[in-house]
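Number of protein chains: 2
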Amino acid sequence: MNLEGYRGSALEFLKSKRLNVGDKVRLRAKGLQLEGVLMPSYSNDDRIVVIKLNNGYNIGISIENISEIELIEHFQLKETETKTSDQFKKSEVKIISTGGTIASKIEYETGAVRPALSTEEIIEFEPEIREIGEVSSEVLMAILSENMKPEYWERVADAVTRAFNEGNVGVVVAHGTDTMTFTAAALAFSLPSLPGPVVLVGSQRSSDRPSSDAPINLYAAVYTAKHAPFGEVVIAMHGTTADDYVLIHRGVKVRKMHTSRRDAFQTINGLPLAKFLWSEKKLKLLSSDYKRKGELKVDAKFDPRVFLLKFYPGMPVDIVYWLTDRGFKGIIVEGTGLGHTASEFAEAFKYATEKGVFVGMTSQCLFGRVNMNVYTTGRHLLRAGVVPLEDMLPEVAVVKLMWGLAHHKTMEELKSFMITNVTGEINARHLEEYFPRWHHGT
Amino acid sequence: MNLEGYRGSALEFLKSKRLNVGDKVRLRAKGLQLEGVLMPSYSNDDRIVVIKLNNGYNIGISIENISEIELIEHFQLKETETKTSDQFKKSEVKIISTGGTIASKIEYETGAVRPALSTEEIIEFEPEIREIGEVSSEVLMAILSENMKPEYWERVADAVTRAFNEGNVGVVVAHGTDTMTFTAAALAFSLPSLPGPVVLVGSQRSSDRPSSDAPINLYAAVYTAKHAPFGEVVIAMHGTTADDYVLIHRGVKVRKMHTSRRDAFQTINGLPLAKFLWSEKKLKLLSSDYKRKGELKVDAKFDPRVFLLKFYPGMPVDIVYWLTDRGFKGIIVEGTGLGHTASEFAEAFKYATEKGVFVGMTSQCLFGRVNMNVYTTGRHLLRAGVVPLEDMLPEVAVVKLMWGLAHHKTMEELKSFMITNVTGEINARHLEEYFPRWHHGT
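Sequences listed follow chains R and U, in order.
In terms of our numbering, the first sequence opens at residue 50 and continues consecutively.
In terms of our numbering, the second sequence opens at residue 50 and continues consecutively.
Please keep in mind that the hints were generated in silico from the structure rather than gathered at the bench.
You can trust all of the hints, since none of them are fake.
Here are the simulated DSS-like cross-link-like pairs (lysine-lysine), alpha carbons at most 25 Å apart as the crow flies: (1) Lys198(U) x Lys399(R); (2) Lys64(U) x Lys79(U); (3) Lys350(U) x Lys458(U); (4) Lys198(U) x Lys350(U); (5) Lys399(U) x Lys198(R).
Work the whole structure out from these sequences, hints included.
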């Protein structure tokens, strides 16, 4: 049963009618007959039922006004909408939808945003993508990206694999922005060799809104999937608050750096791979240092027993013992500065590493590189077995370690994997301009 | 006994002589007679003893070459060097040293950096600060800042209080850069009203190095402490990689954003309060929105039972139950995007809040503001009692909560304190230019 968001009397009402979110229903309320899809509700009023009408609008109806309600068709979310795929047998780019704002509509009754349930709806937001080439679609899941998990990453990797096997030259993954960089990293480690680009795309403003970045981002993503020369996992998101260009970021070097701006995604410790110029409809490469297209290789398996530990003064050291005894196999420390914690942690990390837990160090500064040889604390930690992870982003290190744990039997192998640049996640050389320019007044 | 860093035969040797780090010693090695201070050692060679000679250089001597070693004077770190303070009875600015790179010398033998033991040494790095006014100093502690703890914040607040009570118009706190923003926030909440500026200062490059930012930062800090019109806790650090100006950041709105650059400290979600122009030796205010000087009020007490939880896909929800049952009184969540975690955390947070744990939400984006009303997950979390903390930095929220827990008896009071802008940690209005400009190629 799925009656997400319903509580109290509306929940009882819908249960008694054996209805589920997504079901097509016909109802009569105050003499009016309506047809539509039962939507999830997060109304504060627990008597409200939300229906998405055929014209696309949502309507909230109080149950005491509903005189009749009947089921027209049961909802069934197919894991793969093969029907849709068959329709576009010769598609060049496939859009795999996982949910998120780019696949969302505003819930009329509550004003809130909910993931939509079909990829066709996405294409409707920007019908011009059809001019780029043949596009097909698949609704893989419809979740808000904060609910992404390692096991879903495996499903996304499988869907990407299927899409390439069907003959597409590039794949677009529509995804919520919250955890998009985690999924991008997961795909990057799972798909070490690709016959074409895998482009994750999202939007910061819902597609129904005039200020939405969804259409342009989606166009740029499909264009990149078809035309880019690389076989890499990338993220396509607005480069500025204007609509002038979309940045194509390497999936393992990018962070969501703002809660709401359209240009929230920015490359850290590197430059984006390319930018898509909107008015010229042109992809401009910013680097020639990318992975060429190759044979498809896929190996998507993750061991989620990893903890991300962001250090702060006063953090109790026993968290490390707890994580170790609790069966965690890896800890990514987000340390201070060049890669530090309070020195009392050295003993705890020693305990962890001796029990076979991998402990890796990244920096909460985000920019720059870990260097644990400068200060005594760093050397203490090194001696305790903590592994410095260069300029890897903490979030990327977490995903890489989850992949590494599922693939490497010995600690030696795992360590070697973690400090090796596998897919651009470690950048050996930093340029001055990688650090952004802050405004310091005039 | 303090023989930090010594192991093996050097440790045994020094123990047998009953010597401690910091002791003044005289020794004879290969016919040479030397006098100096016994330094900590982190040599990989465990037979090496490190002595700081009177000329300031460190020397490493293997114990088999030491024919004689004798104690001249026991080391005693006075909590307050009242002697020093007395010497400068009429000082205008007091420098309180806590340690860190700005108070560090390179360890000659190992090439590593160690905190120095006297503030007078700091003044020596930039004797020109004496031209600003009468300067006095106090060595409060000599630690690397990653070893800072809430109980030390209380000691720093006390030292600042003493300095103002002695008649100084401003106070400088020399501090390691790793956790400088945490201490700045702690002082800001502990000193809600100040008769003058409290300026934390550090350096990214050790004072012995020609590229050191220490002299200019220190000059700017002392100048600001004496001349700035505000009664606020600020951080003075290089504004660019050149030596053109030092930024004066509000202590609760700044982050160390790079592991090694001299302009690592940048204001987030706001503008710096001022900049100190080096060649003109002039302080330029960037804002008139600051706290005026007032009567000294101090109330430094922290309850460290707070955990900073940075969310990532795959984070096991039972960490929240563990933290609650383990006696933590507060959790600051560093959520994704507008302030989210996987929705399954809602139930866990409900458990926590019902047990009297304060749960506050910040964003790992760092820039922008938490808004938990946009998506269903956010509203779920709100209903579970999670408190959205606006645009507060996660680190600042941790410190504020530690202070709040030590001062507020009821949850209502604590919540109200946490969502109120107490000292500039919440910025109601964001300007376009607060988001830095990233380089996107040409």
